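**Student:** Could you build all of it, start to finish, from the sequences and the hints given here?
Residues per chain, in single letters:
There are 2 protein chains.
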Amino acid sequence: MSPLRYRLLQRLRDDGPVSRAELAARLDVPRSRLAAELDTLTDDGLVREAGLAASRGGRRSPLIELDPGLRLAAVDLGATSLDVEITNGSLETVAAYSEQVDIGEGPRVLLRRVNDLLAKARADGAYDRLLSIGIGIPGPVSFRDGVPISPPIMPGWDHFPLRELLGRDHSCPVAVDNDVNIMAIGERHGGVARSVDTVLFVKIGTGIGCGIHIDGAMFRGPDGCAGDIGHIQVDPDGWPCSCGNTGCLEAHFGGAALTRDALAAARDHSSPALAARLAEHGTVTPLDVAEGAAAGDLACIALIRDGGNRLGVVLAGLVSFINPSMIVIGGGLAGLGHVLLAEIRSVVYRRSLPMATGNLPVVLSELGPRAGVIGAAVLASDLAYGQPL
Amino acid sequence: MSPLRYRLLQRLRDDGPVSRAELAARLDVPRSRLAAELDTLTDDGLVREAGLAASRGGRRSPLIELDPGLRLAAVDLGATSLDVEITNGSLETVAAYSEQVDIGEGPRVLLRRVNDLLAKARADGAYDRLLSIGIGIPGPVSFRDGVPISPPIMPGWDHFPLRELLGRDHSCPVAVDNDVNIMAIGERHGGVARSVDTVLFVKIGTGIGCGIHIDGAMFRGPDGCAGDIGHIQVDPDGWPCSCGNTGCLEAHFGGAALTRDALAAARDHSSPALAARLAEHGTVTPLDVAEGAAAGDLACIALIRDGGNRLGVVLAGLVSFINPSMIVIGGGLAGLGHVLLAEIRSVVYRRSLPMATGNLPVVLSELGPRAGVIGAAVLASDLAYGQPL
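Chains Z and U supply the protein sequences, listed in that same order.
Going by numbering that gives the first Met the number 0, the first sequence opens with residue 0, and the numbers climb by one from there.
Going by numbering that gives the first Met the number 0, the second sequence opens with residue 0, and the numbers climb by one from there.
Since the hints were derived computationally from the structure, they do not count as laboratory data.
Given the structure is predicted, the values throughout are model-derived calculations rather than measurements.
It cannot be assumed that every hint is accurate.
Derived list of chain U stretches under chain Z, where covered just means 3 residues or more per stretch with a C-beta under 8 Å from a C-beta of chain Z [claimed, not checked]: (1) 216 to 224; (2) 315 to 327.
Simulated DEER-style distance windows between Cβ atoms [what the hints assert, rightly or not]: (3) G385(U) with A293(Z): 24 to 32 Å; (4) S31(Z) with N114(U): 47 to 55 Å; (5) A263(U) with G155(Z): 53 to 61 Å; (6) D157(Z) with D214(U): 23 to 31 Å; (7) Y5(U) with R107(Z): 49 to 57 Å; (8) S345(Z) with P160(U): 30 to 38 Å; (9) S241(Z) with R266(U): 41 to 49 Å.
For each residue, glycine too, the CB sits at the ideal point set by N, CA and C.
**Tutor:** Here it is, written out as structure tokens:
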């Protein structure tokens, strides 16, 4: 059982203002114990009394709420984009900023850009003091140590002391996680996976990764690198992968693989839609494949179906292994939409045990590009409110 | 945090007799609270005082121990064997029985045979009254409901009310789980995985299954069928599988697949050792392959290596996904030994992230054929001692 402090603050965050009586009932604690905890939290400036609850016949009870002045920072640093939001203690957005970045510029430059946006938010009056910061980055992270670990697309970031430096700059605790995990946390907090305890969130971007919730908690694995499904083998005789092995899922599907295959289909004219796009723009993108498929180009449809099939086989294996209650597909390539989803579903349902898939929804992310920043805010608040880690 | 009652009984089970002072310290509870709980447990007949602890200078403190009269039943029902043990509350064997069975005889016959062995144990004086029963069966189980669910090799068992009938016959609570899970529980309690929190236990028998511990707890999945890795696809153009799909792991490795391949190698004389065995005995078994390999027969070595490779690829994917701290290989075919283990290790280490495998032991089961019955006893005691499920 988590400590009362965390459960109480989490309740106020997610349910809004509530009377003492109601709060004691929901948390299942004696009112005297609740009163003592609320005194401490009031002294700490985290909660306050706010007006009176609607009467239910007896004496009206004062409402308890999170102090409206609480401020959290949520940062979603991607390979090419930086999103920063300032929220109140209930995770409502107070200010939001987005910029294009290039993760290849290295950690010092990007840390400065994060700090510049946070300074701008402060100058705009979004906050005076931050309770905590949650940040997601596009590579493997040691969650325990708050540092990136050999991130393949982030040169110069290996073991960069991100948590320590951000914490020092803003005098508050910081949680660092990978981009897929914060999206998974966001989707489970406020998206399609709300209240689902065991769920796989699959991000299809340039690469492919998976965020795992087990029994209601984010599962990162003993070494913090659980969910790295992009390097599961799908074909022993397949494409070489950037990791040095062959036939990895990521070498066959995902933004990079799809761009490679789309270019080939454009060059050999097996796809009239992609050939036209190549002639016009000098290049083709996964978005072109999606548009080609929507317009009925058979080669584009085949590319998406083949990718969905590859991913579906991997997910079918994970369904047999972990028996989740839901699979959520997110990330940029979730935009490939229902052709992709139909293929994934078809493979998962065909290849997994009936017992595991009898009631298994495979659905698209609801929060789309905002999943990450919402998850980072959840992470920040969990840290500030004292979630046991 | 688990209830004090369970933590206390579990301590006494695993650590043996201990003084009140020591117990209070280990459980981190005030002595007054401990005393009240011990009074209740003494009244319930579960614990008692037993002699005095060795003096450490002051007054000698009485030792607390589980009542030595407690009795649990552990049942491991396999496809061809039935093992029953009666243990005391500390899981020490009081009596043990084994019989050959045929799971195809159906649930009524096999339930009677379980009851016959339990009646024999009672007649032998092994128990008067059972606190609880733990039983493992060779097929998928709804742990929550205590019934088999569409078990492929157990005709007539689907939804057979095993827990209810056994409980009624012996007037005690019963826990029903699958054979792989009880082996995993046994190995983590008293075998090579002791004190490891996130472990995969892989059973290679006729088929292949996996028992999963996550963060110290058995993970069965929302529908109770987690760990069914035998039907993960290893080759889209592979062998047809009994499940109706093609290219499942089990269709390529495991007792059934190895027997098929060994027979082929004997018939086409690609394996002199197997050909000789076939001529002599009229059939070949996985044991013959193990012996052929040990004697240097190249085709036998190749069969084991190929199987280890198939399993290794699947395990590498699961390592990337769940990032366990240990993999344990058990079941009858673990007897294929170090050729098998070397191949599995080679593939897992080559194909998984360095971060995930930097410190990942892949080892053989220590408990061998006793893993199941030990796990069933653990399960029985957890149930009797009030583990939160």
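**Student:** Take the hints in turn and mark each one as holding or not.
**Tutor:** Hint check results:
1. With 7 residues having a Cβ less than 8 Å from any Cβ of chain Z, the stretch 216 to 224 of chain U passes the three-residue criterion, so the hint holds.
2. Requiring three or more residues with a Cβ within less than 8 Å of a Cβ of chain Z, the coverage given for the stretch 315 to 327 of chain U holds, as 9 such residues are present.
3. Between G385(U) and A293(Z) the beta carbon distance is about 58 Å. The supplied range of 24 to 32 Å is therefore violated.
4. Here the CB-CB span from S31(Z) to N114(U) is close to 53 Å, well matched to the stated 47 to 55 Å.
5. For the hinted restraint 53 to 61 Å between A263(U) and G155(Z), the CB-CB distance of approximately 55 Å keeps it satisfied.
6. For the pair D157(Z) and D214(U), the supplied restraint of 23 to 31 Å holds, since their beta-carbon distance comes to about 27 Å.
7. Y5(U) and R107(Z) have their C-beta atoms about 51 Å apart, which keeps the hinted 49 to 57 Å range intact.
8. A beta carbon spacing of about 36 Å between S345(Z) and P160(U) agrees with the range 30 to 38 Å that was offered as a hint.
9. Range check, S241(Z) to R266(U): Cβ separation about 45 Å, and the 41 to 49 Å hint holds.
The structure shown violates just one earlier hint, number 3.
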